[in-house]
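The lines below spell out each chain.
Number of protein chains: 2
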Amino acid sequence: MATAKTFNPDIKRIYIEGSDPSIQVPFNKITLTNKETLLVSTVEGPDVNAKELPKLRAPWISKRVDHKTQLELARENIITPEMEFIAIRESFKYGDDMAFSAEMVRQEVAKGHAVIPSNINHAETEPMIIGKKFSVKVNANIGASSVSSGFDEEIGKLRLALKHGADTVMDLSTGIDNIGALREAILRASPVPIGTVPIYETLDRAGGDPAKITWELFRDVITDQARQGVDYFTIHAGLLRELLPHAARRILGIVSRGGSVMASVMMRQNAQNLAYEHFDEIMEICAKYDVALSLGDGLRPGAIADACDKAQYGELEAIGKLALRCRERGVQCFIEGPGHVSLDKVYENQDLEDELCHEAPFYTLGPLVTDIAPGFDHITSAIGATNIAHRGTAMLCYVTPAEHLALPTPEDVKQGLITYKIAAHAADVAKGLPMSRLRDDALSRARNEFRWYDQFALSLDPQHAYSVWRAQMPDDCAHEPSFCSMCGPRFCPIRLNRRLKAEFNVK
Amino acid sequence: MATAKTFNPDIKRIYIEGSDPSIQVPFNKITLTNKETLLVSTVEGPDVNAKELPKLRAPWISKRVDHKTQLELARENIITPEMEFIAIRESFKYGDDMAFSAEMVRQEVAKGHAVIPSNINHAETEPMIIGKKFSVKVNANIGASSVSSGFDEEIGKLRLALKHGADTVMDLSTGIDNIGALREAILRASPVPIGTVPIYETLDRAGGDPAKITWELFRDVITDQARQGVDYFTIHAGLLRELLPHAARRILGIVSRGGSVMASVMMRQNAQNLAYEHFDEIMEICAKYDVALSLGDGLRPGAIADACDKAQYGELEAIGKLALRCRERGVQCFIEGPGHVSLDKVYENQDLEDELCHEAPFYTLGPLVTDIAPGFDHITSAIGATNIAHRGTAMLCYVTPAEHLALPTPEDVKQGLITYKIAAHAADVAKGLPMSRLRDDALSRARNEFRWYDQFALSLDPQHAYSVWRAQMPDDCAHEPSFCSMCGPRFCPIRLNRRLKAEFNVK
Chain A
1 MATAKTFNPD
11 IKRIYIEGSD
21 PSIQVPFNKI
31 TLTNKETLLV
41 STVEGPDVNA
51 KELPKLRAPW
61 ISKRVDHKTQ
71 LELARENIIT
81 PEMEFIAIRE
91 SFKYGDDMAF
101 SAEMVRQEVA
111 KGHAVIPSNI
121 NHAETEPMII
131 GKKFSVKVNA
141 NIGASSVSSG
151 FDEEIGKLRL
161 ALKHGADTVM
171 DLSTGIDNIG
181 ALREAILRAS
191 PVPIGTVPIY
201 ETLDRAGGDP
211 AKITWELFRD
221 VITDQARQGV
231 DYFTIHAGLL
241 RELLPHAARR
251 ILGIVSRGGS
261 VMASVMMRQN
271 AQNLAYEHFD
281 EIMEICAKYD
291 VALSLGDGLR
301 PGAIADACDK
311 AQYGELEAIG
321 KLALRCRERG
331 VQCFIEGPGH
341 VSLDKVYENQ
351 DLEDELCHEA
361 PFYTLGPLVT
371 DIAPGFDHIT
381 SAIGATNIAH
391 RGTAMLCYVT
401 PAEHLALPTP
411 EDVKQGLITY
421 KIAAHAADVA
431 KGLPMSRLRD
441 DALSRARNEF
451 RWYDQFALSL
461 DPQHAYSVWR
471 AQMPDDCAHE
481 PSFCSMCGPR
491 FCPIRLNRRL
501 KAEFNVK
Chain B
1 MATAKTFNPD
11 IKRIYIEGSD
21 PSIQVPFNKI
31 TLTNKETLLV
41 STVEGPDVNA
51 KELPKLRAPW
61 ISKRVDHKTQ
71 LELARENIIT
81 PEMEFIAIRE
91 SFKYGDDMAF
101 SAEMVRQEVA
111 KGHAVIPSNI
121 NHAETEPMII
131 GKKFSVKVNA
141 NIGASSVSSG
151 FDEEIGKLRL
161 ALKHGADTVM
171 DLSTGIDNIG
181 ALREAILRAS
191 PVPIGTVPIY
201 ETLDRAGGDP
211 AKITWELFRD
221 VITDQARQGV
231 DYFTIHAGLL
241 RELLPHAARR
251 ILGIVSRGGS
261 VMASVMMRQN
271 AQNLAYEHFD
281 EIMEICAKYD
291 VALSLGDGLR
301 PGAIADACDK
311 AQYGELEAIG
321 KLALRCRERG
331 VQCFIEGPGH
341 VSLDKVYENQ
351 DLEDELCHEA
361 PFYTLGPLVT
371 DIAPGFDHIT
381 SAIGATNIAH
391 RGTAMLCYVT
401 PAEHLALPTP
411 EDVKQGLITY
421 KIAAHAADVA
431 KGLPMSRLRD
441 DALSRARNEF
451 RWYDQFALSL
461 DPQHAYSVWR
471 AQMPDDCAHE
481 PSFCSMCGPR
491 FCPIRLNRRL
501 KAEFNVK
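One line per chain: the protein sequences are A and B, in this order.
Residue numbers for the first sequence follow the numbering used here, beginning at 1 and rising by one.
Residue numbers for the second sequence follow the numbering used here, beginning at 1 and rising by one.
Treat the hints loosely; a few may be bogus.
Because identical chains cannot be distinguished in the list, a pair is counted as satisfied if it fits within a single copy or across any two copies.
Said to hold, decoys possible - Within a straight-line C-alpha distance of at most 27 Å, the following computed DSS-like cross-link-like pairs (lysine-lysine) qualify:
#1 K55 <-> K345
#2 K345 <-> K132
#3 K414 <-> K431
#4 K111 <-> K507
#5 K35 <-> K501
#6 K132 <-> K63
#7 K345 <-> K431
Quick caveat, the hints were computed from the structure, so don't treat them as lab data.
For reference, chain A alone in the conformation it holds in the complex:
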């Protein structure tokens, strides 16, 4: 029998119900050829093609008499439906229904060690959590710029990002006319939290002139975006004016777009960081809608030569103080991190963040462990990302092969996400999350038993794995041949393993 041209694994959507029928946690159930099944988490949402998703959380939100943040609710010992949803999601992600309780989720949120991005006006989100004790999350950036990419392309990238497992998505669009409409379309179609960098739209509204950016303009942008439903804001409030001389001494001064705008405003206006000056008011807006603050690292190093300097660590210290203020005000927050850092300094970054930012969740961009591989920076950064996540980083911002060169194409989005799902999963395994090795072991058993199609079904990209394998298999060979093109039948070690197990009476 000839092998098929395409491969369609038996993967079906199922839902696990919580204590209330409105809590329906989605999973994909993979059924293998030997009838074994495995649940894997999915972020694709109830309908990948819908322009507007159902507002899953609307009944939960409307029941709350006064709008409080998840952090405030957690502190009042209230277990929200979001927390219960997350406990189920995290527990079954790796097949252990006892691993995470809703009470444990509440405790981590109450301490500020974990964040549930959940704008009350983005009721379409399926709740997820960002915190060291939970599985490592991956963010995908999308967004148009004035030079390339359009509206439909970005919605296409959102869907592609969801298909490949982005736990949150940031819309980094800049310089386009319909930026509000694009964000609205993304929010309504997204079952995962959406983050933005509001200073981008602020600069656009100021006609591109940093001298014209005022607090009032920035406040209006934040308010508008919060009202639309953005779940977290990157705000570079820790980029204090006094840190700029340190950045000037670097090879690559400032590489953060938002940080660069903030620095421009300070230099043009001869003033302190306006987000820092008005931080209380920003927190008020965030508290009202339960927008989480992603305290941005405007001074993240853009070269390994610039890592761990006074600019970077001075900003981290300032951010740590802001994180405490967020906790006091009941606003959820997490901390953005580098960037470019050589491997020997990766752990130091996580450890210092824990210390200076009081164990608020860390959210890093890589870090890239070398600067010499443009075109392959999904790989240079995944090496750093896996390490820092193993050490405690809660969410990884993906880096695509296009980084430093161009806006990512859809194929780049896919490659970036698969690479970061590898990093996140490898870190989960290294952290020893309960049952996190279940899928690895299922795949290894399939390998040992020549269940080729099960290997593909269990892999991060089944169709791709199948294609690579099939390209070298003769058309007329068995449906599941007990060898492959790598060794041929004579040198196949897997065939020996059957005899080995028989010889020593191992089943």
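The hints should help you fit chain B onto chain A, whose structure is shown.
Leaving out everything else, chain B in the frame of chain A:
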């Protein structure tokens, strides 16, 4: 002016001469648009298209009255031309002409902490060293199997491997008719050391029947291959019979092809490992031609579930004892390592190897930090590889995207090598090798100064980086535009950096 369709960086071959005119160490000199230059190591040899390379080392070898190994010579306080060549190669690799002296090379070889694979019958090799104190090396596997790939393809892969920086190449051909002729062609065309796994040809000569493998047959293969000029042999002499029950208890018993053949022979013949039994005789052959022994890990874990078990570590302990015997006999050796190992156990593997194998160089295959990404195992393995190399592993065997699925195509060879050059370089930087950050910093300066073409010239794959960038640049924009498609001109942080440096008087 429109941007060009292709990109031709100014990269020229130069040679640095040693104390004798016969010592000519090759480098590529990259000249940047601002006239700065940078040397990078090259392994392409004097002629990429030659079927037979000049025998560079022939005069050095013929001058030695009795054929001793580099280890024996080092112990007698003799600095060979190979050692001096290596000192220059390692020093200028990262631009520091004082980093490594020939005497330091000699000392590391004398201690058995470094190996110079240099069969006296492979005089075409440009000497290189494998040792913890030196830059991390990368091996590329090529080789035909009975199911796919032919003669010309393999020579093509050798050239591709050299182009992308393979420091050594292993010919893993099995089950083809002209295996000796293919190896001969590879040896004569290769300026880098060639490794093999002689048990493969032995099985072929035994008609594929492990029961027919005898010591005499194995000895003949080893002798023939040593005489041809193979620089190192993977011999699975530490895979002792008493370890087999431990392997049988694994999910994926034995995944090493050579280990699997050795186990077959032991089981069929009810005998101890013949390479272990005849180790003294194997060392004699190796000593005669200065073949280095790559003591193979036939029990390397093929699943993260199987890592660090009694099979793996029991074999490592046995190998460590063999390494001591090699040192006593004056035979150079290094130690093969895993395989599949979750990130939390990677350091443990290197540390135990140092202890049990007396700091003989470690040569690992990855390790892969998760099993769930067939089709992307160049990435899963590069994560483990960078970590273990940072901890001390001297050479990394590349893994291509085809691993576990098919024989690598030429494109796979390229992808695997670039990925592993990233891992090796990132580890060099993390290890703090003198001047190892030079290329990173040059690229970062080019980034800061909008010298796009210099960024490409300095990158691991210039043409690829250029292509990605150019695909999104308008045809009518400037030759070196001071922005790119990622942020567009308005949001470009790099443009701000000029003002930032001016503001704070930084040049």
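To see whether the hints hold, each was checked on the structure:
{"no.": "1", "hint": "K55 <-> K345", "verdict": "neither (43 Å within a copy, 44 Å between copies)"}
{"no.": "2", "hint": "K345 <-> K132", "verdict": "both (19 Å within a copy, 20 Å between copies)"}
{"no.": "3", "hint": "K414 <-> K431", "verdict": "within (25 Å within a copy, 32 Å between copies)"}
{"no.": "4", "hint": "K111 <-> K507", "verdict": "neither (47 Å within a copy, 45 Å between copies)"}
{"no.": "5", "hint": "K35 <-> K501", "verdict": "within (23 Å within a copy, 64 Å between copies)"}
{"no.": "6", "hint": "K132 <-> K63", "verdict": "neither (30 Å within a copy, 63 Å between copies)"}
{"no.": "7", "hint": "K345 <-> K431", "verdict": "both (19 Å within a copy, 11 Å between copies)"}
Violated hints, listed in ascending order, are 1, 4, 6; each of the other numbered hints is respected by the structure.
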